[in-house]
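Undergrad: All residue numbers for the sequence shown refer to numbering that gives the first Met the number 0, where the first residue is 0 and numbers rise by one.
Among the hints, erroneous ones may be present.
Below 25 Å or equal to it, Euclidean Cα-Cα: the simulated DMTMM-like pairs (lysine to aspartate or glutamate) are [claimed, not checked]:
{"id": "1", "residue 1": "K25", "residue 2": "E13"}
{"id": "2", "residue 1": "K20", "residue 2": "E10"}
{"id": "3", "residue 1": "K25", "residue 2": "E10"}
In case anyone wonders, no lab produced these hints; they're calculated from the structure.
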Amino acid sequence: MVYFLPFSTSELTELVNRSLKSWSEKVRFSSAIRF
Numbered sequence: 000m001v002y003f004l005p006f007s008t009s010e011l012t013e014l015v016n017r018s019l020k021s022w023s024e025k026v027r028f029s030s031a032i033r034f
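Starting from the given sequences, assemble the full structure and let the hints guide the process.
TA: Take a look at the structure:
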């Protein structure tokens, strides 16, 4: 995802944390299916 809007530091941190969390949940879900 690419963001062109000027975010403040806290908003950017929030955004990154949220995307990391969703990614880690996807990875955990797919690995749970695999094994």
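Undergrad: So, for every hint listed, does it hold in this structure?
TA: Comparing the hints with the structure gives:
1. Of the pairs offered as hints, the one joining K25 and E13 holds, with about 18 Å between alpha carbons and a cut-off of 25 Å not exceeded.
2. Restraint check for K20 and E10: satisfied, since their Cα atoms lie roughly 15 Å apart, inside the 25 Å limit.
3. A hinted pair counts as satisfied when its Cα atoms are at most 25 Å apart, and K25 with E10 qualifies at roughly 23 Å.
When each numbered hint is compared with the structure, no violation occurs for any of them.
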